[in-house]
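Use the sequences and the hints to build the structure in full.
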Amino acid sequence: MKLSLRQLLVIPFVLQIVIAVGITGFFSYRNGQKAVHELATQLHEEISTRIELALRTYLNRAHLVNETNKNALTPDFISLTDFTRLKQFFLSQVNSFSPIDYIAWGSEKGEYIGVRRINDQQFNLEIVQNSTQDWFHIYSLNKTGEQGKLLKRLPNYDPRRRPWYQAATQAKTGIWTPIYLWFYHSTLAIDAVLPIYDSEGRLLGVLDTAFYLSEIGDFLQSVKIGKSGQSFIMERSGLLVASSSVKNPFLIKEGKPERIKAVEINDILIRETAKNLQNQVTSFDSIQDSISLDFKAGDERYIVKVFPFSDPRGIDWLICIVVPERDFMNLIIYNTKVTLFLCLLALIIATILGIITAHIITDPIIKLSQASQAITKGELDQKIEINRKDELGILAQSFNQMAMQLKTVFEKLEVRVQERTAELQEAKAAIEKSNKELEDRVDQRTSELSLALEHLKKTQAELLKREEKLKFDAFHDSLTALKNRNWLLNRLQHLIQKTKVENHYLYAILFLDLDRFKVINDSLGHLVGDELLKSVAHRLTTVVKLKNTVARLGGDEFIILLENITDLTEATDVAQQIIEQIKQPFYIYKNQIFTGVSIGITISSIGYSQAEEVIRDADIAMYQAKRLGKGCYQVLTPAMQVPAVQRLQLENQLREALIRQEFLLYYQPIISLETGMLVGFEALIRWDHPLKTRINPSEFIPLAEETGLIQAIDLWVLKEACNQICRWNQQFQNLPPLSMSINLSPVDLKQINLVENFQQVLEVNSLGNWILKLEITETCFLETLTFEQDLIKQLQAIGIQLCIDDFGTGYSSLSRLHSFPLCTLKIDRSFVSQIQSKIEGAEIIHTIITLAHSLGMDVVAEGIETNIQLEKLEELGCNYGQGYLISKPLDHLKATEFLTRVFYQ
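Sequential numbering of the sequence shown, starting at 14, is according to our numbering.
Quick caveat, the hints were computed from the structure, so don't treat them as lab data. This structure is a prediction, so every number in the text was calculated from the model and none was measured. Each statement offered as a hint is correct.
Mimicking SDA-like on lysine to any residue, the simulated pairs with C-alpha atoms at most 25 Å apart in a straight line are:
id, residue 1, residue 2
1, K165, T94
2, K100, R74
3, K266, I278
Pairwise CB distance ranges, derived in the manner of DEER restraints:
id, residue 1, residue 2, range
4, L704, D580, 38 to 46 Å
5, A652, E59, 38 to 46 Å
6, I24, E59, 47 to 55 Å
Each residue gets a CB set at the ideal place from its N, CA and C atoms; glycine is no exception.
Pasting the structure below:
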């Protein structure tokens, strides 16, 4: 049957709509059924994951508290017999770790102390302090630790007879106690217990952290499972642990608590779920993986998922999640009906619109078709009357114009066809010639491109190899091919972020430093030292498992990164294996070499936010191992962190002190022992700390030298001393020639621009007739300046004199200093203090003075505190002196008064 254009437009359109509606309705219903099961499975998986994560977080927190308390209960931090400190420490732990509400300690002597949370402001202190009088006292306790009135007093309490204490001593490790009813029959509880032993393996007592199972019940109630789903947890025995519907799963019968089995509870949903589960499996103990089941209770169908949950410290529970099918089906059925109604309505509307549209489109097309058929028959004078301004109207006008011009075109076309035929013949010949030339050029270009492509592939391969080598070099040590510091920092930062998401995830860092490596390197040469480092790296990789990493920080320092460990014992076992392996001899270039290793260990449970902090703490523990005799390992403790943190705080404060200008200069007068007249001052720096009052140089100068801040400090001292000289020159007219002595750190002698910096200060400050002297310690002078003759000459050239300070402490002789142009020698105060009379303790000083004068140097005695010392030094020919007998160091105001009193009164 032949269909018209209008039918061809409408019928397929309607058929498409009908098919779409049918398919939509069919799949909507089928997908609704399938979605129920998928949604239930997805909901079970999501809820079980949340419950398991919450359980592990709650349960691990109790054992984490015990481990934290174990690390703190050391003689260096908190004594086990100091019950006042224990009370404060347990109170802080209860405040810090929620939802832990009870922490206790029972000793092998029968003593006991515990802190229990009543609410966020009130606590109870439970104590048995005298083992000979086993009375159990309960006191009220506020949030700050102040002890209140006695609440209760119970006789005959001995923690050693308690089930939790005996369970811990029998297991000899951290475990969970069985579930029991808490005080006053209020809730079920379970205890995390940990036995504590001394260094000789003797039992000291047991740490106890209680965890209320009502916390789990509260959490289960907060988890939304569809509209009316429930969850509960039971032991393998069938006893109920917690549920989302029952607050306390136990009964009180005849004054005694009795736990409830899931198959006997009044809650019908929990009871029927437990019964159907019991009918499906042989016993609850046989459930090792998650299982699914469904059952009908009344007219309702329920979907159930059961997941086993276990803990290595003794917990073995089953998590059950049950959801009514109606929670999913009602919405799906409603959505299916709405979808089918909307599809049917769309079909009706689309059919009507299709008919109208087909009529509008086909009417002018039919007229155009009829006129076109007339033109094909030779009737070129065709005109279509369509009064429309849309595309069809424009098409009709264009058709009319085309018909009018078509006749004229046909007449001219015959003439031009003949002309074009001749032109085409000529063009054909030219095209054939051009095609031949083009083919030749294409062949040539193809050959060139093939060569270029081959060269490009080789270049790309070389670039890939270089890129891979650059990536390898960026994260690997060039000597041992181990991972380097950059890789380690990136990996540690990744693990730090991971521990914030996965609270139970643990990793550990072992910081290794070879013993006696410098001796081996210096005695056998760097080539042997490098081979030794390679051999050590090889042994370390044989000890460490594939999931862990060996890295080299530099020198003889290595790092072992242990990932996804279960506890600290795993790290200490690896450390002991490494120590045993490194003890074995190395054979390098026919040399038998023995060395050892010191190891510091830190674990992620301490809590880190930056990768550098992890390496820093492991380094602290390693140095503790070296101090204990090397060849051993040490685990980081809070006692180790304190000095390092204090040192870091002091370093930061020292940097801020430069910015805030907290330093002061004091001036100690130096007099001539012959005339008693003032000859100069020694500038002494002091730190006016805002919290610690005034700090002596001996406390912060070594740290400044180590961190490199000493250069800025010494330059500040020079500038301040020169500024003070300028102020005195303006205040006092015609002062006699005086000297200003300034101590110079050995670190400054390594500055390339030392002389330039000093010269700039002297150019800004005019010293007049003052003499500037730099004091350098004897040990520093002999070790550092042996090859610095040019530096001394440059300092002399700008008018600076050099003095040797603390002479006698470096065990050198004056004869070794004859080649250095020194002007002054200062005798150390330790020799001056030995002068007890005019006869005793002067032999060494007499020798020093005699030899110094023979080399043309003046002598200054430091630390003069008695008249006997002053008279004896004058008798021995000592030129100058300073000390508390003459004057203590003075600030700039008192030093100005001293100058006024000496020269102008």
